[in-house]
Structures are given as C-alpha cells and as structure tokens.
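Protein chains in written order, with our numbering: chain P, 442 to 765; chain Z, 1333 to 1760; chain L, 61 to 355.
Wrong hints could be hidden among the right ones.
[Unchecked claim] Label pairs and their computed distance ranges (CB to CB): (1) L:Glu299 <-> Z:Ala1650: 37 to 45 Å; (2) L:Leu113 <-> Z:Leu1517: 54 to 62 Å; (3) Z:Asp1722 <-> L:Glu299: 33 to 41 Å; (4) L:Leu120 <-> Z:Ala1634: 33 to 41 Å; (5) L:Ile321 <-> Z:Val1651: 28 to 36 Å; (6) Z:Glu1648 <-> L:Glu299: 40 to 48 Å.
None of these hints come from the bench; they were simulated from the model. Quick caveat: nothing in here was measured; it's all calculated off a predicted structure. Note that CB positions come from ideal geometry on N, CA and C, so glycine has one too.
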Amino acid sequence: MPDLAIETHGLTKRFRSQVAVDGLDLAVPEGSVFGFLGPNGSGKTTTIRMLLGLVAATAGDARVLGADMPHHVDSVLPRVGALVEGPAFSPYLSGEANLRRFDAADRHAPRGTRSDRVALALERVGLSHAAKKKVGAYSLGMKQRLGLANALLMRRELLVLDEPTNGLDPQGTREVRSLIRSLADGGTTVFVSSHLLAEVEQVCTHAAVMSVGRLVAQGTLDELRGSGSRVLVRTPDPGRARAVLAELGLPIGETAAGGIRSVMDASGDELVTARLGGSADAAPEAIVAALVNAGVRVRGFEIERASLEQRFVDLTGEGFDVVA
Amino acid sequence: MRARDTGASHRLTRWIPAIVAPIAIGVGVVLVPLQANAAVDLPDLTPAELLEFAASSDVESLSGTIEQRSELGLPDLSGLTGAMGGGGGSGGGTGGGTEDFGDGDGDSGSGSDGDAAASATDLDDLISLATGTHTAKVYLDGSNARLQVLDRLAERNVYLSDEGAWIYDSAEKAATHLTVDQAALDALEAEAQAHHDEARERLEAELGAPLPTPEQLLDEALAKLDQTTDVSVGTDGRVAGREVYELVLEPRDADTLVGEITVAIDGDTGVALAASVTARGADEPAFSVAFTDVSFEAPDAAVFAFTPPEGTEVTEHAVPIPTVEELEQWKAQAEAESQAEAAPGDEAARPVVHGEGWSAVVELPAAGVGGAGFDGEAAAMLGALTERVDGGRILSTSLVTVLITDDGRVFAGAVTADRLLDAAATGR
Amino acid sequence: MSSREANDGPVGVDARVGRSGGAGGGTLSLLGSELLTLFRRRRTWALLGALALIPILIALAVRLSGGPPTGRGPAFLDQITNNGFFVGVTAILVAIPLFLPLTIGVVAGDAIAGEASHGTLRYLLIAPAGRIRLLLVKYAAAAVFCVAATLTVVVVGTLIGWALFPIGPVTLLSGATVGVGDALLRFLAIAAYVTVSLLGLSAIGLFLSTLTTVPVGAMAATAILAVVSQIVGALPQLEWLHPWLFTHYWLGFGDLMRDPIVWDTFGDNALLQAGYLVVFGALAVGRFLTKDVLS
Ligand SMILES: Nc1ncnc2c1ncn2[C@@H]1O[C@H](COP(=O)(O)OP(=O)(O)OP(=O)(O)O)[C@@H](O)[C@H]1O
Ligand SMILES: [Mg+2]
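Next comes chain P alone, as it looks inside the complex (with noise of 0.2 Å):
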C-alpha cells in the first residue's frame, strides 16, 4: 500500500449542537486524483478546512503529507496548494498583486523568482491579459482562475482543490481537468471536491463519498463502481428468470432499488433486473447459458455498468433537500 497523503481517523467537527463532520475515516494515496464527493452540507468544505487548519477539530485526528495537523502548519501548509470555498481576493487589487500578496505570505517562497512565478502561473489559467486588472472587476471564473493560479504558485507536492471548476466555461473546464491530469503526472496528488460526478469520473483514480456528515463510501473509482452494475434481462418469464438469477447467487431483495425486481416492458416483456457482484462472481456468458438451459426466453440481455452518478444517488439517497 502507498503511503497516504492525507489521513484522518476520527475526525470530527461539531458547529454547538450539529454534527457538521462525524467520525471521518480518510485515506488519500499519494500520487491519486482522489474525488470527494457528496451533497450541499455533507462536511466536504468543513474537512477541508480542518486539513488545512483554518478549523480546529472537535475530536480525532488529520495527517497531511505525512504530518499531524494543525500542529504542522507551518512545515506542510507550502507544500499544499489549496482552493478553498471558492476564491477570494482583496477586490481593490489586480490580479498579479493579490498573487503576490499571497505569495509573500509565505516565507518559504523565494522573493527574486516572484514575478517570474506569478507570471507563470497567470499564464497557465489563461489570465495573463487580465493580470493588471482589478479583481473586483473580474467575472465569476475569472476569480475562479485566479484562485487556481494561487493554488499554483509554487511547486505543490498535494493540491486541495474545492470545487474548482465551479463558475468556469466549458474551455476552462476542460482547461482544468487537463491541468489536475499533467499535475498528477509529476506526481502531485490531487484531492478534488465536486458534485459533477462525469468530471470525477473522467479524471479521478481515487473517491470518497460524503453524506450528512459521515463517510459512506471510499475507494477506486473502479470498487466504487464495481459493485454497483446491474445485469438486464428482457423475458416474458419473468418468474422463472427470477428463479434462475437467485439460484447463481446474485443478490435477492437486498434493497428495493438494489434487488431483483421486474418492470413491464411495452411489449409485454418484462425487464428483470439483478445486482451484479455479491459472492457469486458470475460471468455474463454464464448467466444467459443458465438462463436459457433454463428454459428462460431470452429476448434482451445486458450488463449495466452503474455511472458514478448512480452509484452516487444509492449512497446519499433521492431526496433534494438538503440535510442539515
């Protein structure tokens, strides 16, 4: 097993009486692009905060690169490029002065490649004609692209990314996925929080997903997934497929969205769906051979791979309020 980059045990942040992050078990490899996950309020930007020590936890415990936080802010913060809660920059300065504000800020950042490196890092999030402007002057992503560059200044050995394509145009979205891919390549983790679920699958290795507060789901992005395809069968016997999708082994009743269950297809079919996974670790082949030595009229059959975002709705529920 790699080493970590982040890890959390235990981690937990009470706002007075509500739980924002509740016991928070994190593993970030080091080198992955790993996705965090999770609706409005789920604690993503609380975690954040508490990796980066703005916030102190109420109870447990963070390492970031190695070392225990907040106690080593001083040695981890400038390896650590971050983005938190969108951007945020001093509205009455341009551009290139509030990165140089910011880069001042960190003593460990040499003052003669300064220019150089503010330069640099405008020409990479396209702002570089907008660099004598003043921020408050600045669009929405624009800011956004500023806020990156900052991340960018120096060479990080972790980038902590909240939402950083929120606000951008399809270029600079795609501007940022290739960026977060190149950066991974030189080896930088990339931890990125998001709710656009086909942006973390296209770039992200690793993922975690949040709800209300609690971890429910980590991992590659492949187990995340894995456990979530489903296999199709169109027949117009229904119950004897069902017989036959229980007898392999394949997950029964588990949950209402999850089992075996039929759905009348217009034609009169019915589409028998299963969760793919479980013990039985059943080939497709075998499934329909099994289906047809059966005596099952196999008019349509497909394995589903589940989308993230599928996999997504499983684990935080249907429901469009927020929990707080």
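Chain P is already provided as a structure; the job is to place chains Z and L with the ligands on it using the hints.
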C-alpha cells in the same frame, strides 16, 4: 495515536499568553512600588537630631519634579467649573477633558465676557488648586531658582535671581517683572548684620554669658512645641527613589481637624522631599506635596534665563527697599497698633485670632469678604460650595472650615463647624 | 496551460532553494506587501486626506476671519496669525480627541475582520502566513498608519501655515523662543508622541478585529472605546481610574513645547501604551490562535 481531547487542551494552552500578560503586568504594578519601599533602614535619629540634620542641610543646587495633590473633600464642582471659560488650565497631564472637546469647534462654551469671566476664572483657579493634582518642576542653583508649574498645554513660571523675579503665565500671555534695588538691598543687609552683631554683643555683655547655641534654641523650641504637638520620627521610607526619614507632627489638641503632618527628610542631604497633611480619621492625606524625582546636580544655566517673548504684556514692579530706620519705624508703629487693639474703631480693618495653637480661629470682620463682593456666577459657585446653617453659610473641607455669618463676618480655622459657630456666638 | 513546465522547470528548482531562506526576510517581505496593500487602497488615502483637511480648514478659517480673539478656542489657535507654524500643533490638538482615533479605528479594526470578510484571511493562513506572524505584520502596518496619520496632520499643517502666515521663531509655553529648526524638530517629536499615544488604541482595535468577521463592527467599537475612555477621563468620580486609561496622556504632548523639554510624560505615555499593547496583543494572539476561520 493522539489523545482525542488534544484539540481542546491545545486551545487552552494558546490562551496562556493572554492570561499571563495582564497578570504579569498587575503583579508588576503591585510589586514594583512594594519593592521600592522595602527595606529602608537609616540610622535612628531622635526628632531633635533629625531637625538639626535638616537644618544643617547645605544643598544649593537641585532640580526635580514636584507633585501636589489636594483631596480636601470639597463638594463636587465639575458641573460648575465645566461651564467656566476655557482659560484656566486644570491639573497638569490629567487625561482628556471635556473643555477641549468643546474648544475643538472654536467655541469656548461660556458666553460670559470681561470682568465677570475674569473673576470666575480666578475662583476656578483657586478651586483647581484645592482639588486635583498639579505637577511642577523646581530648579535651584546657588543664586537662581525657578518654579515651573506644568498645566495642560499651558505653563506658569516663577524665575528668581539676584536681579529680581519674573512671573510668566502662558495662558494669559502676561509677564510680571519684580525688581529690587540691589544696592539698597545690600546696604540693608549690611546694616542689619551690624545691628544684629551690636545687639548680640550688648546682650552677651548684659547676660555675662554667650547666647544659646542654635542647638539649644532648637531644643527650647521643641520643648515648647511639645506642649501642643507630639513630634516623632516615623518609619523610614522612600521618596523619589531616595531613602528618607519621616518627621511626624500630631496635634494634641482634640478640637482641630488636623490629624497629622508628616515631612519626609532626605537621609543623605537633609532636604525635605515631601510633606503631607492628613485630616483626623482619614487614611489618605488631604494635601500632599512631594518630589517624584530629584537630582542634586546644578541645573543647566539656560534653565534660569528668561526674556519675555514677543507679544507678551509685561508689568514692571519695583519692590521698594526700606532702610533700617524705616523698618524700625514700622515695627514701632505695629507695636503701637497692637497695644491699641481694643479700640473698637480700628477693629473693623484687622483680622482677630480667637484661641491658640491648632484650634485657633481667625475672624475677618464684615468689610473683608462679603457676599456682595461676588457677581452672579461666583455667587452661584459659592452657593454650591457652602451649606446653609443657622446664622450663616459653612464651607467645610476635610482640613479647614470657613463660616460666613449673615452679618458678613468670616471665621476660618482648622476646626469643626461647631467650634466656628461657637466662636462667632461668643467672640472667643 | 503548461503544467509540466511548472513542475520540473526552473521555477520549481528555485522554490526548493528558497525553502532554506531566512525567515526574518520573509516577515519583512510580508510587511512590505501588507503596507503596499494598505497604501494602495483608496480608502487609506481618503482617511489621510480627511486628516489633511483639518489643518487646511483651520488655516483658512483663521486667514479669512483675521484670527480669533485671544483666549478663545483651542490652545495655540490665537498664535497662528503671528506664526504659521502653530497651524500644525493646533490641528493635532483638534484631531486627537476624535478624528485620529476614528481613522486608527478604521485601519486597526479592519486588520483581521476585513480579511475575514473578503475571505482572503483563509488564503493568507494557508499560504501559510502563520497566525502570529500575520498578527504582528497587521499590527506593524497599523502602527505605520499611525505614523502616516500624525505626520499628515503635522506636516500639512506646517506647510499650509508656512504658505498663509508669517513664520519665524516659535514661542514655547515656558516663554522661551526657539529658532525654526528647533521648532520643526519639536513638531516631529510631537508627531512621535501622538503616534505612540495611538499604539494602545491600535492594539485594542486589532484585538476587536479578531473577534468578528464584520469589519465595520470592529472599527466602530474601537472608535467608541476611544471616546468612552476620554469621557471617563473627564469624570472626577472615576479619578482612580484615570491613570490607567489609554487616553490619559493624549494631550500631554504640550510637554514637548516647554523649555527645557519635559520628557516624563513621553516616558509615562510610552509605558502605558506598551502595557495596553502587551495586554491586548496577548488577547489578540489568544483569540486568533484558537479562532476557527470559517469565512
Ligand atoms: N460556520 C458554521 N456554523 C455552523 N454550521 C456550519 C458552519 N459552516 C458549516 N456549517 C454546517 O456544516 C455542514 C457542512 O458544511 P460544509 O460547508 O462542509 O458542506 P459542503 O459539503 O462543503 O457543502 P457544499 O457542497 O454546499 O459546499 C452544513 O450543514 C453547514 O450548515
Ligand atoms: Mg463546500
């Protein structure tokens, strides 16, 4: 793995500086003066020895800061004095005052002008002397002296030298120059010395023995003082960072308001560095004056130089120097008058003393100070200061009581109101 | 976007070299950036401009009205027509009770709360600026503003007095007269005295600023405290408290206009302000180190 509660305990430790700093300062504020007062032990002296030591002091040069405080227990006058014109400066260095707020608008608040304002300001000055704190600098060298009263954003100065004296008031922008005829003064001094020597020789011849030495005189004076006052040497202390003896005078007379008078005498040079008067039964002195720092090195000569600045109103005053004959003539005249004291026609002009010692009462006859002498504002202030009693108005402070009878006589003394009323009624 | 460049290029190498660099220079560099930020703000210049208006208005008013009757108005006002140098001192006297504390309140009260309200506080802290280091730099910047504020009043006052009135040797409170050079030095000393007087208030403002994310609240509270302290200082019933008020020596700069100069008040004032600085500095540190940055 770390203990679960590290967060909370860590938070507590981070408050430590915030808790320690005020405590350290508080302890410092309490301990430093304690330290300064600790362990002063000068060689023991009797009161007589102490007085002699003080009298033999030969300090000629000195510079220092004097602080004078009065806590006479006057009624609260803040409302009244606040309404006064902004002229009279109150305590030196005392915090931001309301007057300056008002002045910020270029409007001096009180609308009164001319004489009324002037007399009110004078009264204000008087009251400011009797209440609050004043700081002054003193400079002495062999032949010059300077008193510099530090008012807030103003200053009063008295310069004394062989050529005369300058009094300068920055608030009034007025200077008074007092001159004496130096030749006449020298002549007077020489003549007086001659007279003195002559008298001494005559006396010694008459007595057939030398006159008593100063020590003998002092002993005699102390013995006389002892009849009315308990004189003792108190515990050694520290004034202006110097070790001092404390001479304590306690009136034996039960009628007086004066509880004790203390004088701090520098253990090294014999210079009096502090004095205070405490009312009977009070813990804190009603009046005190003390050096807060002092140095016995000769101040820079420039300190004594004064030339009235441009735009100053200068009043010249030549002080007439009498000859010895004139002096003797005056003395004879005064004696003759005191013989004739009983004559009722003359009485009106002269203060009368009732009783003696600590509980003596001074009576000023009706013409002296009358209620009629005050205009409206000053009268209002007098009304606020005094309190109505049967037969007049009483101004009482912790040390001094003043009675203004309805017929205009004024009685004053370091005594209770009853004693004054008694004196007014019986004339004794 | 060319990310490879950043990871392996010369910048990355320099960054690693820079890590061994001295911390002291880093703090100075942060202070420099903080001052740049402060003095790049239009608001800072508006505050200084308002302060500069005080001597200008005083000089114009005296010039146009031909001078006030002597003995009225603040001390020194009646001297202006004779000597323009007194414009600066009069302006300081007028500015001390309210205008200076107000501007200091704005700058000191904004120090942390302003960053919090912009959200820049979190980015400064994860830079990482270091919480204590950030407080120190913020306080130093407020102190520099105090210098700028008092110098503005004194210098603008002296210049406008120079322009509108005759100037010449200055008569001190003691009655002595000193030459122009000596007088200018004394005005600088007065500026220093007033600056020192404001340091305690700056520390209070900084502490209040760590309590809130609403800068206006901290600013108003700081200015109100200055006024309250002066009112308490004028109440004889609370005389025991007076020597402990941070405003106690605010008008004591007159001691620099004496001959010889009385430095006692300067020392006492500096000691008192240092006490306030230590107490409120420690409170600010305690508060800021334990503060959850949620803005
Ligand atoms: N300052 C605060 N005081 C009280 N509760 C807070 C505070 N900040 C956050 N919370 C609560 O903590 C919970 C988690 O909030 P957090 O900002 O971490 O959510 P999030 O996962 O980042 O949400 P989003 O996706 O909307 O950014 C929420 O219920 C929120 O109400
Ligand atoms: Mg969030």
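Hint by hint, here is what the structure shows:
1. L:Glu299 <-> Z:Ala1650: 37 to 45 Å: 44 Å, holds
2. L:Leu113 <-> Z:Leu1517: 54 to 62 Å: Roughly 58 Å apart at Cβ, these two residues keep to the hinted range, so it holds.
3. Z:Asp1722 <-> L:Glu299: 33 to 41 Å: 34 Å, holds
4. L:Leu120 <-> Z:Ala1634: 33 to 41 Å: Hint holds: Cβ distance 38 Å, inside 33 to 41 Å.
5. L:Ile321 <-> Z:Val1651: 28 to 36 Å: About 33 Å separates the Cβ atoms of Ile321 (chain L) and Val1651 (chain Z), which means 28 to 36 Å holds.
6. Z:Glu1648 <-> L:Glu299: 40 to 48 Å: 41 Å, holds
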